[in-house]
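Next come the chains, spelled out residue by residue.
Number of protein chains: 2
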Amino acid sequence: MAELTKPQMPAYPIVDIHTHVYPESYLNLLRSRTTVPYIYDPPDGSRSRLIILSSDDSPSVPKEKRGRPVDSTYSDINLKLSFMRKHNITTSVISLANPWLDFVPAQDAAHWAEQINNDLERICAEQYAKATGGISTGNKLALNEYFFIYAFGALPLSAPSANIVANEISRLKTLKFLRGVIMGTSGLGKGLDDPALDPIWAALESTQTIMFLHPHYGLPNDAFGGVEATERYGHVLPLALGFPLETTIAVTRMYLAGVFDRFPKLSILLAHSGGTLPFLAGRIESCVAHERKFVENGGDVVGPQKSVWNVLKENIYLDAVIYGEVGLKAAVHGAGSVDRVLFGTDHPFFPPLDGNDGEWLSVTTNRKAIDGAFGAESDAAKAILGGNAVRILHLEN
Amino acid sequence: MAELTKPQMPAYPIVDIHTHVYPESYLNLLRSRTTVPYIYDPPDGSRSRLIILSSDDSPSVPKEKRGRPVDSTYSDINLKLSFMRKHNITTSVISLANPWLDFVPAQDAAHWAEQINNDLERICAEQYAKATGGISTGNKLALNEYFFIYAFGALPLSAPSANIVANEISRLKTLKFLRGVIMGTSGLGKGLDDPALDPIWAALESTQTIMFLHPHYGLPNDAFGGVEATERYGHVLPLALGFPLETTIAVTRMYLAGVFDRFPKLSILLAHSGGTLPFLAGRIESCVAHERKFVENGGDVVGPQKSVWNVLKENIYLDAVIYGEVGLKAAVHGAGSVDRVLFGTDHPFFPPLDGNDGEWLSVTTNRKAIDGAFGAESDAAKAILGGNAVRILHLEN
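Those protein sequences? They're chains A and B, same order as listed.
For the first sequence, the residue numbers in this note's numbering are -16 to 380.
For the second sequence, the residue numbers in this note's numbering are -16 to 380.
Don't take each hint at face value.
[As the list claims (entries may be wrong)] Rough simulated footprint, nothing fancy, chain B against chain A, three-plus residues with beta-carbon under 8 Å:
no., region
1, 259 to 273
2, 333 to 339
[As the list claims (entries may be wrong)] Partial list, computed: chain A residues near chain B (C-beta under 8 Å):
no., residue
3, Ala185
4, Ala206
5, Leu220
6, Leu222
7, Ile232
8, Ile305
Hints listed in this document are in silico derivations from the structure and should not be mistaken for laboratory results.
For each residue, glycine too, the CB sits at the ideal point set by N, CA and C.
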């Protein structure tokens, strides 16, 4: 579709690979629950609250103030499209938001994964039909209708067997708009260094399916000073520090357990520029080289065979959701190339709190970091903003 | 002493600002204990074990295998000097190793701080006398005797009142070789955002005393997957990830509590290049700007007044103990200048495991990162290696 001209759109693709949805069916599931994760509808009719983090669910906070307000930005794809138009985003790769299907009872997991993934496929297909149908018939289109949507699928990780997960990974390859999967850090409940995950890594590797690794569980509240810290600082510590560290721990456990040695073609996309992996990669490497469990007397490492730096270059992509030039440059430096870092927004999270209807600070901060680090309209900036995603995820634009 | 020529020494100072000692008196204190932190002397006469991390003290591990072997490198200053000579380090700023005096009973704290700090002063003074005395008398000196040693003092944080701590901070200014203090992250037991610490911040600020903030407690074991992870990976997760995150959490809590707003001239030196602060500063800033507890309806921030980036530029120094160019460059970028990053080794921790008697991998990795990022012998490399420490800590060389 190189012949397309999109009015008022950038001349190059801008792809948001970190953007979440809660389909209506999933919101209803959350509404049916009373423990984390759940949605609370205050009886006085005030705005519903989404309570997804255990740190949000403090008994000392009234339920109508726990978590965050939830509105139709979480589920209405037209609001996603408006958000895209506002920020010149041409393509979104949507994913179910955390905690995905981690909490679903074992016997329901396969059903829910199929339902969510089919919902995602339908959303993408409808948007595709609008855009391409409108174009081919020469109809005048609303600007929204020029956009494309793809998706990362959800996995039935609570299912009774890893083979059920592997089967869904295979099925996703038959869905036209699915471009990978999103996963949390708990795996089958024991973390991502669990050997029982091997059939899943094998399925991802053999189908060349990218796994978007995303935090949810953070760290135990005690790490931040307990309930008192939550009350003083709200979500800041769990979100700003707990999330990135959770991602770093998860991928480091995969590394230490030799997952990247056993599955050398596994590709994962790390949320929030790898958590802290680019910054700490050297320290991880050094701690491995100085760990008596991993180093035999002769000095040979008997732990992970591949260096962390090579894993970053061969198995890992990083999003550019890092809110500053310092982190972004470190991410690109750690990834070994500007070609492995991809723009994202984390929509619908981090909306502006000032009531303004303009661009979102959380988006412009990341956009400015890219332009500031590499130059607006530079090849590097265009690669991060969209070119990399188009190439790596095989997107049309 | 600009007239000094030191045989076989570099033509510019190389200062190690992150190098620990356990004076003999402190080791005896640890030997008297049976709970963390403690030293275990196996009855069979095999090497003593130092068990300082709670994650080291797993009941499923025999005591003679817990923690790490402890030998005279921890206390013998001549071994420190040999280490310095081996790595061309001209000056060390030694500090008591973790967990410092955090665990000392309240009534003993002031005594222990005075004893340790006087021990440190004596070590420095003896070395100074050797070097300058030898030089002034024209005596032939052993190479070791050209080196200088300064120290960061320990604080009696478990004392019954913060004023006792403030008094020791004042007393340290009367000791010729003391150049600051070292502190862990627990403060008076409730973290570094505790308002009860204000007299201590005030004393540090008014005496222009630098505080070296160093991790010890890590994160709850559950964050890493519990005991099983410790058994599989040894110290890697707590040291590589727990330590840096602990530092980041501590300084972020100081920031969120407005410590740098109330004490704008407070200077702290962060271990391990700030933990993860340079990489996550943007995310912290963004989370504050999107936290309803901190943002009023009009969009004004009612939390911390100073930006994280300005705190990095005005209140924070970073060591260069980050084991790679990616992290080091991010540290310098985050610090806003090469003038705020200082070389260190973490001696006597991370010794080579291959039995070789040559340079330590943990030191050469950090040295190579500096030379690689900025060029060997470049002004920037010399600043990080020693020039910054000489200027900031007012060292003779």
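Hints, one by one, checked against the model:
Counting residues of the region 259 to 273 of chain A whose C-beta sits closer than 8 Å to any C-beta of chain B gives 14, which meets the bar of three, so the coverage hint holds. Remark: the region 333 to 339 of chain A is confirmed as covered by chain B, as 7 of its residues place a Cβ nearer than 8 Å to a Cβ of that chain, reaching the required three. This hint is violated: A:Ala185 has a C-beta 21 Å from the nearest C-beta of chain B, more than the 8 Å allowed. At about 5 Å, the closest approach between the beta carbon of A:Ala206 and any beta carbon in chain B falls short of 8 Å, and the interface hint on this residue holds.
Taken as an interface hint, A:Leu220 checks out: its beta carbon lies about 7 Å from the nearest beta carbon of chain B, inside 8 Å. Annotation: A:Leu222 was flagged as interfacial toward chain B, and the flag holds, the nearest CB pair being 5 Å apart, inside 8 Å. Checking A:Ile232 against chain B by beta carbon gives a least distance of about 6 Å; that is within 8 Å, so the hint holds. With a cut of 8 Å, the hint placing A:Ile305 at the interface with chain B holds, because the nearest CB-to-CB distance is about 6 Å.
In summary, the structure is inconsistent with hint 3 from the numbered list given earlier, while agreeing with all the others.
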